[in-house]
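Engineer: Listed here are the chains, written in short residue letters.
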Amino acid sequence: MNDLPSIRSFLSNYFPVFIGGIFASIFSLALAIPLFIDSYFRNLPLADSTKWSFLGGMALTLVIVHCNFMIARGRPSWVWPLVMVLGGCFLSVLPAIEYRPNKLIYSLSLLFPLLGLLLLNSKRHREMRSKLVEIRHQRESLIKAMKNTQRKPR
Amino acid sequence: MSTPLPGIGMDNTYSQFMARQRIESQINLPRLFAAIDADPGIVGAGVVYIDAEFNVVTLREFKPICSIKPKRVILHEAQKYIAPAQFAQQVQDNPRQSRLVGEAINTTLSCAGAVIGWVVVLSGSVAIPFSAGASTAVAVLGYAAATASTAQCFASGYRLRNEISNPARNDQLDSEEWYQYTMIALDAVSLVGVGASSLTTLKLVRLNKATTGKSLREVLRGLNRQERAKLTKELLSINDPRLTSKMLKLKQLSGELPKRFSPTQIRHATVTQIRDALGATIGFAGSAISGNVRTLAVGLYEEIDGE
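Chains as they are written, first to last, in our numbering: chain A, 1 to 154; chain B, 1 to 307.
What the hints contain is simulated information worked out from the structure, not anything from laboratory work.
All the given hints hold, so there is nothing to weed out.
Computed spacing ranges between beta-carbons, pair by pair:
id, chain 1, residue 1, chain 2, residue 2, range
1, A, 48, B, 28, 29 to 39 Å
2, B, 43, A, 138, 51 to 61 Å
3, A, 15, B, 176, 28 to 38 Å
4, A, 140, B, 184, 37 to 47 Å
Treat the numbers as computed from the prediction; the structure is a model and nothing was measured.
Here a beta-carbon is modelled for each residue, glycine too, at the ideal position from N, C-alpha and C.
With the rest of the complex left out, here is chain B (with noise of 0.2 Å):
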């Protein structure tokens, strides 16, 4: 009752009990840990909900299935007296440095793919003195294959500019059916181009990405093919395949990846899910109650030892 310092996971105090009754009744508990769980970089993490007057609640320990270290997901309420907007911008300023690392990564590969389609054009024109007709249609197919990847170039690229200057117009660019088929459409003529397999093998491939966080080599290795389209299952029932923009098959194709893509870093979509689960109760509940929608924060924390 009297702990100046309560320990994470302990109702020591009567307004944490409080607390724990009050966000157990408003949360649909199930479908948030659902969400958490579908993401097989964060299974088993624990969860932790943070109100408003600091009272630390574990909702869920952790439970070492994806990481031996703790991994934690941190629900933080905002406070009462902090406006929602100023919240959010504190919120988000540190996700933030990871997606741009994200998308920093995302723009070297895209545009190692761009490379791939414009050596397939330039050696296919070269090439033509001694095969007349099969190099052009070489340079021909190149021609789609580097128009798609300069373009998710050119993509990425802007989406790296904005990560810098103008967050927001990436949340926009992601909020609009017209860019996430774009991309997908891109990414088929690329892959026609290239001359890899066929769409509903990357669509799956993009899913498993969006959603785990990992890189492509460790996506087809860490799964085998049933684990693959469990996991699909899992996220359409989930209802949020969500399409980033990543240029997956031109990774393995330019052998280039990134050595350090964490597995921890939370998806975009992944926090949407997590948003989902809470928004529908949280935003209800919390106007009832407060008089006002509550603002909370999404955050994954790792537990990492100074190596």
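The shape of chain A in the complex, shown without the other chains (with noise of 0.2 Å):
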């Protein structure tokens, strides 16, 4: 609580691992879900699964998004959101070997999950996340005797 992080240490210190979540997040959806529906919707033409696998991912992006501003936020809780999706890529994706996917594709759609959840797992990771919630309830204090301030008249 003393000692206020300066922006530019707080970065360095956690910032990769933060992006290092979005990213294998971001890449185990755009891995993943082609893959999910090249495998079990095989009948689809081309353009519909372009499509759904395009605004699927589209959707899930802006979930993974939003959980992780709200992470930033100092609300912790929206990690659990994160950890669905990145268990539900990962699972769904580990049936599809029966058809006989790309391997390169099927081995990193299953690592990209992997890696997400382990940096979210990370002892990292949980500090910035401890670290946001102190931010949080600073600034809600902060806010909070600002507006107390404006309402006293003088």
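Dock chain to chain to rebuild the complex, using the hints, since each chain is given by itself in its own frame.
Structural biologist: Printed below as a string of structure tokens:
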């Protein structure tokens, strides 16, 4: 509480793991969703499968963005939807081996969710989340204080 | 008449002479050349036509405008005994390699953009204790930028993945109007968020980029304002303002530019324009003569010396 981190040191400490988590989730979406649709909806025409995989991926990207934003704003419980998305990617891709997918794509789409989960579970990320909660509390108290001073007639 | 290996551009044999006559009557040559010259990367490139009987006909010699090293656009008609699908596969394999690199670069760039967006979000959140109001606004603005640029990062990652395992899907995506509008909207949002200039500039640079195949810095350095305006006009007159999903402004912001984004990589847009120029005539004339639509391949070849 008393050692306010400077922005620069905060970013240099925690930004890599933060952005790493985001990229791991984004890439696992980009890899897993088309694989998912290719494997389990084989009869879909190309136009439809393209459209749905793209739009579905976009929607989940928005979810990921929002979760990360909320984490950055100091609400660590938003990490759970992220975990669910990553776990979902992993589990939905796993049985696709039945359909003999491209080996590179398949292995990467297993690797990225796991990497994402690892990063979310890392000590750094946990530390960052708790720091961000602290900062949120400071912010809230600051805003409250400011409101109080405004209300008081001089 | 009796040269066994006909040199490029010399109508040595009767069949070559006939091929030239045929091609010149079938193709709208001025339009084809205009399409090629609209791309600053390949202005004045030579045009060579190889027909189904392997007659090599030079439609235009190379003029050293775009580069000193000779560049040639080669239009290759499929042999009669190859099925169009097989021919397409054969030809697609080469340019696809460079497109893969292109997509990879694009992914790097859009993700660099996402990094910037997230830096804004995170630093906006951390800076709160000092200036509650202002930095909250920064964080919220950053939210928009981070959303848009992360979405673009996803899109380019998705395209890269497609380019590896299912390239047809990217072509499908490019042909969809909603996709193009989505990408423009995302660009606009991330631009506003990051605080750069208006959408029109973006469009201009985008058009430049799409046709020249140059990186942003090259485009901005190589062309002055008048030239850019002229190029845009030219492009619009050819009526193919093909907007690809490039994150241009973020290249500039991140300062992380690809060193070897070869300008000779013929852009998809230019190929499309060339195809358009050819398509109308060749398709129908060809089908009238031989009973099926002629398959054509377009490629750009540059002489490279081993450095």
